[in-house]
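Peer 1: These protein sequence lines are chains A and B, in that order. Numbering of the first sequence is given in the working numbering, commencing with residue 1 and proceeding in unit increments. Numbering of the second sequence is given in the working numbering, commencing with residue 194 and proceeding in unit increments.
To be clear, the hints were calculated from the coordinates, so they are not data collected in a lab. Errors might be hidden in some of the hints.
[As the list claims (entries may be wrong)] Below 20 Å or equal to it, Euclidean Cα-Cα: the simulated DMTMM-like pairs (lysine to aspartate or glutamate) are:
{"hint": "1", "chain 1": "A", "residue 1": "K103", "chain 2": "B", "residue 2": "D212"}
{"hint": "2", "chain 1": "B", "residue 1": "K287", "chain 2": "A", "residue 2": "E184"}
{"hint": "3", "chain 1": "B", "residue 1": "K279", "chain 2": "A", "residue 2": "E167"}
{"hint": "4", "chain 1": "B", "residue 1": "K287", "chain 2": "B", "residue 2": "E214"}
{"hint": "5", "chain 1": "A", "residue 1": "K16", "chain 2": "B", "residue 2": "E222"}
{"hint": "6", "chain 1": "A", "residue 1": "K87", "chain 2": "B", "residue 2": "D212"}
{"hint": "7", "chain 1": "A", "residue 1": "K87", "chain 2": "A", "residue 2": "E177"}
{"hint": "8", "chain 1": "A", "residue 1": "K16", "chain 2": "A", "residue 2": "E184"}
{"hint": "9", "chain 1": "A", "residue 1": "K180", "chain 2": "A", "residue 2": "E167"}
{"hint": "10", "chain 1": "B", "residue 1": "K279", "chain 2": "B", "residue 2": "D212"}
{"hint": "11", "chain 1": "A", "residue 1": "K180", "chain 2": "B", "residue 2": "E214"}
{"hint": "12", "chain 1": "A", "residue 1": "K103", "chain 2": "B", "residue 2": "E222"}
{"hint": "13", "chain 1": "B", "residue 1": "K279", "chain 2": "A", "residue 2": "E17"}
{"hint": "14", "chain 1": "A", "residue 1": "K180", "chain 2": "A", "residue 2": "E163"}
{"hint": "15", "chain 1": "B", "residue 1": "K287", "chain 2": "A", "residue 2": "E17"}
{"hint": "16", "chain 1": "A", "residue 1": "K16", "chain 2": "B", "residue 2": "E283"}
{"hint": "17", "chain 1": "A", "residue 1": "K16", "chain 2": "B", "residue 2": "D212"}
{"hint": "18", "chain 1": "A", "residue 1": "K16", "chain 2": "A", "residue 2": "E171"}
{"hint": "19", "chain 1": "B", "residue 1": "K279", "chain 2": "B", "residue 2": "E222"}
As a plain string of letters, each chain reads:
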Amino acid sequence: MTLIVAMAQMPALIPKEVEIQRLKKIWLIVIAMGSTAASVEVDNFVDGSLHQTSIRDSAFTPAHWWLYSHFVALPLGWGAAAIYDRKVPILRGPNNSMNTGLKMTILGYLATMFTIGVNEMWHFWFVEEIFAVPNHWMFNMGVVVAFMGALAYVVRVYARLVELGAETPGENPYVAEMYKMALEGKLYSRSIP
Amino acid sequence: MTLPKGFGSGGAGGSSSADVERMIGRRVENMTGIITVSFWAAWLATFGGTAAGYFYYPWAYPTPSGHYAFIVLTIIEAIGYIFCVKVMEEGSNKNSNGIVAVSIAAVAVGTVLISLYVGN
Numbered sequence: 001m002t003l004i005v006a007m008a009q010m011p012a013l014i015p016k017e018v019e020i021q022r023l024k025k026i027w028l029i030v031i032a033m034g035s036t037a038a039s040v041e042v043d044n045f046v047d048g049s050l051h052q053t054s055i056r057d058s059a060f061t062p063a064h065w066w067l068y069s070h071f072v073a074l075p076l077g078w079g080a081a082a083i084y085d086r087k088v089p090i091l092r093g094p095n096n097s098m099n100t101g102l103k104m105t106i107l108g109y110l111a112t113m114f115t116i117g118v119n120e121m122w123h124f125w126f127v128e129e130i131f132a133v134p135n136h137w138m139f140n141m142g143v144v145v146a147f148m149g150a151l152a153y154v155v156r157v158y159a160r161l162v163e164l165g166a167e168t169p170g171e172n173p174y175v176a177e178m179y180k181m182a183l184e185g186k187l188y189s190r191s192i193p
Numbered sequence: 194m195t196l197p198k199g200f201g202s203g204g205a206g207g208s209s210s211a212d213v214e215r216m217i218g219r220r221v222e223n224m225t226g227i228i229t230v231s232f233w234a235a236w237l238a239t240f241g242g243t244a245a246g247y248f249y250y251p252w253a254y255p256t257p258s259g260h261y262a263f264i265v266l267t268i269i270e271a272i273g274y275i276f277c278v279k280v281m282e283e284g285s286n287k288n289s290n291g292i293v294a295v296s297i298a299a300v301a302v303g304t305v306l307i308s309l310y311v312g313n
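When you get a sec, could you build the whole thing from the sequences and use the hints?
Peer 2: What follows is the structure in structure tokens.
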């Protein structure tokens, strides 16, 4: 028996126009969350400025409201994306489960949420705010896992919009060739047929 | 094309444009209003956040730092707003450049005035 794997040739399970509209609604959520995530880059500086004034402060100072609320807002946003995502067949994960990128993203941000508690418990005894203390590790690892998952998911959504003709692939001929190979299922590996 | 349960003509095959419209619901190109309202809400909430620094924690959160955060956040939000509206309307006949321009200009003026006159 021959197993034929056609990576980019999924059957159309819903009308094309419906799929484009649904993918764009997911894209709206993604843009909103991207703006939220970008804002936290600013908070890095605000938080650094605050910790120069007071070495260990409370959980409820402005820089921390900003930082911690995004650890709550992004999992909720990704949860909303996961609920809506079920309406787009191409974004299903293995065995019709949640998309793998979404799973990673939600787990990563959940880890950062739990780390808020760990962080407060640690700082009950140790006041120093050195970046590399163990209570901060799970923040960083959680965020990295979440970013990896989010990138996989967002790229999949955008690539599908390109496949459906709703977005124009790059004009650079090399990029255009990559899109062509992806559509033929040849981009990721030439050794796996 | 096979449609989900409740759509189409009950196994006779085929989907009408009415079915497609029903599956889509509110079209993204018609969401400019709610996107604009969300942008304004986000911008006002941003001012609320930095106002906590101006008025409640001036000892820990100096006003210039708050203005810096407010200005950069406004830029980030404006980029997200433009991106949302342009992506949602591309490929359609809709064009909301006027609404976007008015919103962005108003927010730009508001940000400058707040940075100049609000805080200690």
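Peer 1: Does the structure keep K180 of chain A and E167 of chain A at a Cα separation of 20 Å or less?
Peer 2: Holds, at about 14 Å.
Peer 1: Does E167 of chain A lie within 20 Å of K279 of chain B when you go C-alpha to C-alpha?
Peer 2: Within the cut-off at roughly 12 Å; holds.
Peer 1: Does the structure keep K103 of chain A and D212 of chain B at a Cα separation of 20 Å or less?
Peer 2: Since the Cα atoms of K103 of chain A and D212 of chain B sit roughly 32 Å apart, the hinted pair is violated (cutoff 20 Å).
Peer 1: Given the proposed pairing of K16 of chain A with E283 of chain B, does the C-alpha separation stay at or below 20 Å?
Peer 2: holds, 16 Å
Peer 1: Between the alpha carbons of K16 of chain A and E171 of chain A, is the straight-line distance 20 Å or under?
Peer 2: Violated. K16 of chain A to E171 of chain A sits at ~24 Å, over the 20 Å cutoff.
Peer 1: Regarding the pair K180 of chain A and E214 of chain B, is the alpha-carbon distance no greater than 20 Å?
Peer 2: violated, 31 Å
Peer 1: Given the hint that K87 of chain A pairs with D212 of chain B, test it: the Cα-Cα distance must not exceed 20 Å.
Peer 2: Within the cut-off at roughly 15 Å; holds.
Peer 1: Between K87 of chain A and E177 of chain A, is the straight-line Cα distance small enough, at 20 Å or below?
Peer 2: violated, 30 Å
Peer 1: Are K16 of chain A and D212 of chain B close enough, with their CA atoms no more than 20 Å apart?
Peer 2: holds, 13 Å
Peer 1: For a C-alpha distance cap of 20 Å, please report whether K279 of chain B and D212 of chain B respect it.
Peer 2: violated, 27 Å
Peer 1: Just to be careful, I want the Cα atoms of K279 of chain B and E222 of chain B compared with a cutoff of 20 Å; is the pair within it?
Peer 2: holds, 9 Å
Peer 1: When you check the alpha-carbon spacing of K180 of chain A and E163 of chain A, does it fall within 20 Å?
Peer 2: With Cα atoms ~10 Å apart, K180 of chain A and E163 of chain A stay inside 20 Å; holds.
Hint violations for this structure: numbers 1, 2, 7, 10, 11, 12 and 18, all remaining hints satisfied.
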